[in-house]
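S.K.: As a plain string of letters, each chain reads:
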Amino acid sequence: MVKARAIKEILLLNILRLSAIAIMLSFFIILYFLAVEGLKVLSISFLIERPRAGMTEGGIMPALLGTFYLTLGAIIVAFPLAVFTAIYMTEYAYTQSKTMQAVRIAVNTLAGVPSVVYGLFGFAVFVKVFGFGVSILAGSLTIAILLLPILIRATQEALFAVPNSFREASFAVGATKWQTIRMVVLPASAPGILTGVILSISRAAGETAPIMFTAVTFFTIALPDSIFSEVMALPYHIYGLMTEGAVPEKQVPIAYGTALVLVLLVLSLSLTAIIIRIRLRKQKKW
Amino acid sequence: MTRATKDKIIEWGITLIALTSVISFLGIAVVLFAQGLPAFNFVGLWDFLTGRGWHPTHVYEPEFGILPLIMGTLWVAAGALIITVPFGVGAAIYISEVARPAVKDVIKPIIELLNSVPSVVMGFIGLLILAPAVMNLFNLPVGLTIFTASVMLALLYMPYVVSIAEDALNAIPMSLREASYAVGANKMETITKVVLPAAFPGVSTAVILGGGQMIGETMIVLMVAGGAAMVPTSFFEPARPMTATIAAEMGETVVGGDHYHALFAIGIVLFVITLILFILVNLIEKKFRREKLW
Amino acid sequence: MVANSEKLKAETKGLSFYYGNVQALKDIRLPLTEKEVTALIGPSGCGKTTLLRCFNRMHDLYPHNKYEGEITIFPDNINIVDRGIDPLDIRMRIGMVFQKPNPFPKSIYENIAFGLRVRGVRKKTILDEQIEKSLTRAALWEETKDRLQESAFNLSGGQQQRLCIARALATGPEMLLFDEPTSALDPIATSKIEDLIVGLKEEVTMLIVTHNMQQAARISDWTGFMMLGELIEFDKTDKIFTNPAKKLTESYITGRFG
Ligand SMILES: Nc1ncnc2c1ncn2[C@@H]1O[C@H](COP(=O)(O)OP(=O)(O)O)[C@@H](O)[C@H]1O
Ligand SMILES: [Mg+2]
Chain R
0 MVKARAIKEI LLLNILRLSA IAIMLSFFII LYFLAVEGLK VLSISFLIER
50 PRAGMTEGGI MPALLGTFYL TLGAIIVAFP LAVFTAIYMT EYAYTQSKTM
100 QAVRIAVNTL AGVPSVVYGL FGFAVFVKVF GFGVSILAGS LTIAILLLPI
150 LIRATQEALF AVPNSFREAS FAVGATKWQT IRMVVLPASA PGILTGVILS
200 ISRAAGETAP IMFTAVTFFT IALPDSIFSE VMALPYHIYG LMTEGAVPEK
250 QVPIAYGTAL VLVLLVLSLS LTAIIIRIRL RKQKKW
Chain H
0 MTRATKDKII EWGITLIALT SVISFLGIAV VLFAQGLPAF NFVGLWDFLT
50 GRGWHPTHVY EPEFGILPLI MGTLWVAAGA LIITVPFGVG AAIYISEVAR
100 PAVKDVIKPI IELLNSVPSV VMGFIGLLIL APAVMNLFNL PVGLTIFTAS
150 VMLALLYMPY VVSIAEDALN AIPMSLREAS YAVGANKMET ITKVVLPAAF
200 PGVSTAVILG GGQMIGETMI VLMVAGGAAM VPTSFFEPAR PMTATIAAEM
250 GETVVGGDHY HALFAIGIVL FVITLILFIL VNLIEKKFRR EKLW
Chain P
0 MVANSEKLKA ETKGLSFYYG NVQALKDIRL PLTEKEVTAL IGPSGCGKTT
50 LLRCFNRMHD LYPHNKYEGE ITIFPDNINI VDRGIDPLDI RMRIGMVFQK
100 PNPFPKSIYE NIAFGLRVRG VRKKTILDEQ IEKSLTRAAL WEETKDRLQE
150 SAFNLSGGQQ QRLCIARALA TGPEMLLFDE PTSALDPIAT SKIEDLIVGL
200 KEEVTMLIVT HNMQQAARIS DWTGFMMLGE LIEFDKTDKI FTNPAKKLTE
250 SYITGRFG
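Residue numbers (numbering that gives the first Met the number 0), protein chains in the order written: chain R, 0 to 285; chain H, 0 to 293; chain P, 0 to 257.
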């Protein structure tokens with residue numbers, strides 16, 4: 000009887016352990032395939048050359064550049080909006096106020112809206128109504144809205160982590176609310192906010208659906224020369240290589256290379272964020 | 000200007016900025032409805048939702064029934080949940096209840112890194128690695144099936160479900176576990192009889208939110224679900240979920256045409272599903288917060 | 000019972016306070032004599048902190064709090080808790096030291112400079128001068144003069160609390176509020192802070208909440224005994240501890256409850 004109980008326990012604990020291991024294993028399998036196939040084409044020239052021969056040769060420089068512009072644009076727009084919204088939600092608003100509730104509902108719902116729906120919105124509004132056309136600008140704005148709820152939540156978390164005693168100490172020497180936020184709360188939460196920003200950059204760089212009809216083209220010889228240019232982008236390039244063109248045996252290796260580059264980019268960003276956060280926890284004295 | 004006035008002005012400014020989210024949210028709703036509602040001029044709402052034929056570009060008799068697309072979405076998401084729930088919740092329990100801190104410090108970052116793999120890369124791996132394997136393993140004519148999409152979706156959202164479920168488990172106070180050990184329960188009994196029931200609302204929130212994300216995911220289903228607009232009858236058939244339909248067809252429609260409006264109408268359906276899940280999660284939280292005894 | 004002959008710095012009259020619907024202070028009348036220490040004692044939860052935080056309008060930071068009655072500050076006869084008075088103006092004049100040392104996550108220098116910067120002081124010479132002066136008054140200058148740029152978190156608990164006192168002194172307050180300033184400290188650090196408070200009597204009026212009756216007896220000139228949101232008795236400290244007028248006060252100071 001007692002024995003059966005112990006055996007059952009060991010069994011269950013091992014099943015739990017196995018599920019954790021299975022998840023990690025699948026991650027490494029994915030990395031393995033990407034690395035093995037991707038490294039075959041990865042080289043400096045792959046990174047700095049333009050595609051040739053109808054996407055069957057050459058490098059991915061325009062896609063790298065396009066992803067850089069789109070991500071940069073999205074962060075530039077989303078960052079200030081998100082930080083101030085988070086400041087509003089944690090520092091100013093009373094939970095019961097109508098505005099606060101509207102903001103909270105909006106943020107939480109936006110977080111669940113499918114990325115392709117953001118794409119529809121971006122197309123109808125930025126591409127068509129505002130007349131930006133399929134462009135870096137339209138794509139960046141679309142991604143920016145998608146990033147808003149993610150960045151707002153990350154910033155809120157960082158602000159919540161600042162102990163209230165800091166705020167009270169600041170008010171007690173006569174600081175205004177804004178002075179308290181600017182001089183005490185934001186500096187204390189900066190590393191946490193930074194982590195959120197880095198994670199958002201990594202998220203933005205990998206998004207495909209929102210830019211499909213707002214910013215990208217599968218193939219362009221020209222490099223972007225203004226925010227109204229359409230661009231190539233790493234995630235869409237992978238998709239395009241798999242679904243367009245007529246020479247799959249030449250396109251698949253390029254797609255592997257592109258996927259490896261994208262994943263390395265995104266993972267190194269996330270890793271940076273994770274390391275900052277771990278450091279932060281260790282240093283924290285309050 | 001006094002410091003107090005200046006402070007008030009800043010507060011107004013910040014409140015105004017905070018309204019961007021509300022405006023975006025309303026903007027999305029307005030745009031979807033403005034562009035999607037015209038679809039119901041040429042197809043009734045009921046026929047739209049329950050019609051079995053999706054042939055939007057047919058020259059003589061276009062059909063706009065999205066039942067196959069809705070069912071495609073549901074099958075793929077259900078398949079993914081069937082995989083994610085046991086593995087994800089199991090891993091979350093392992094991390095929060097079983098693993099030593101040192102092990103935890105390794106597992107958590109790895110799972111978080113998995114979270115940052117872009118969906119297009121998951122679709123790509125599914126297409127090149129999993130699909131051929133599925134085809135051979137199950138002796139199918141093609142490997143692009145609901146099952147294939149479900150597996151890749153499950154992988155993509157595993158970290159999401161693990162982390163929310165883990166939060167729910169961490170929120171259970173230590174005293175509850177101690178009470179269980181104190182009456183002689185072992186770890187397994189404490190987990191299954193005390194911790195899991197107490198964490199049930201949080202864990203089910205994790206599952207619902209994960210399901211919502213799966214319904215909305217686009218690239219994986221676009222690349223590996225097979226794309227056939229038929230009501231599925233098994234996991235080993237191809238499907239054309241709603242998101243994949245929008246992504247695949249949006250580029251080829253005439254702006255302002257019937258097909259264009261129909262795609263936005265699908266957007267409305269997705270949006271409404273998002274709202275319903277949001278309300279559901281809130282109801283669960285409200286109900287259990289009131290009952291919470293600690 | 001009220002100090003008539005002495006010069007008053009502030010006085011509460013009919014002061015009541017509500018957390019939402021819950022009344023936490025009832026009709027408090029408390030005079031504070033200029034440049035002397037007044038202590039508030041009483042069992043946990045009796046409203047000492049609540050009363051203290053009325054003096055710098057700390058309660059305004061949170062919604063649904065309500066003051067009734069008045070706290071008049073002299074010589075200008077302003078009612079601190081009047082809705083028309085900006086809490087900022089009050090906090091510019093009345094400093095506060097908290098129960099747990101709460102330095103900012105900044106350097107020692109910046110911690111003390113904070114109040115001055117908030118007031119728009121930019122000049123380095125003025126800042127340097129004020130920082131040395133405040134640290135000296137807080138008996139911390141010798142220990143910190145060579146490490147002003149170090150993080151305040153490198154200081155010990157007692158040093159951190161003296162830093163917080165220096166921070167409050169830097170802006171030249173007329174009054175200082177202390178909320179159990181030594182409850183998180185060891186006896187040696189506690190006695191340093193007590194000496195410091197006694198020394199500060201030359202310059203500022205102080206109101207100190209304490210859980211520790213010996214402390215009140217050691218450092219205060221006046222003592223108020225509170226219970227359940229009411230000020231039961233107020234008098235010279237000697238009188239309260241040797242010959243209290245109220246039975247309740249006597250039971251409390253002789254340790255029969257609390
Ligand atoms: N923020 C608050 N909201 C509601 N009630 C409070 C709050 N802070 C304190 N109280 C209540 O007010 C009473 C007085 O508290 P406090 O002033 O902190 O007591 P003391 O400092 O004497 O221990 C207590 O009954 C306490 O529960
Ligand atoms: Mg107190």
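Rather than coming from a laboratory, the hints here were simulated on the basis of the structure.
Think of the CB as a built atom: it goes at the ideal place given N, C-alpha and C, for glycine as much as any other residue.
Check each hint, because a few of them may be wrong.
With a straight-line cut-off of 30 Å between C-alpha atoms, the simulated DSS-like cross-links for lysine-lysine are [to be verified]:
no. : chain 1 : residue 1 : chain 2 : residue 2
1   : P       : LYS144    : R       : LYS281
2   : H       : LYS7      : P       : LYS144
3   : P       : LYS12     : P       : LYS191
Computed beta-carbon distance windows for the label pairs [claimed, not checked]:
no. : chain 1 : residue 1 : chain 2 : residue 2 : range
4   : H       : VAL182    : R       : PRO186    : 45 to 51 Å
5   : H       : LEU18     : R       : ARG51     : 46 to 52 Å
6   : R       : GLN95     : P       : LEU247    : 55 to 61 Å
7   : H       : PRO140    : R       : PRO252    : 22 to 28 Å
S.K.: Just pull the numbers of the violated hints for me, sorted ascending.
M.R.: 2, 3, 6
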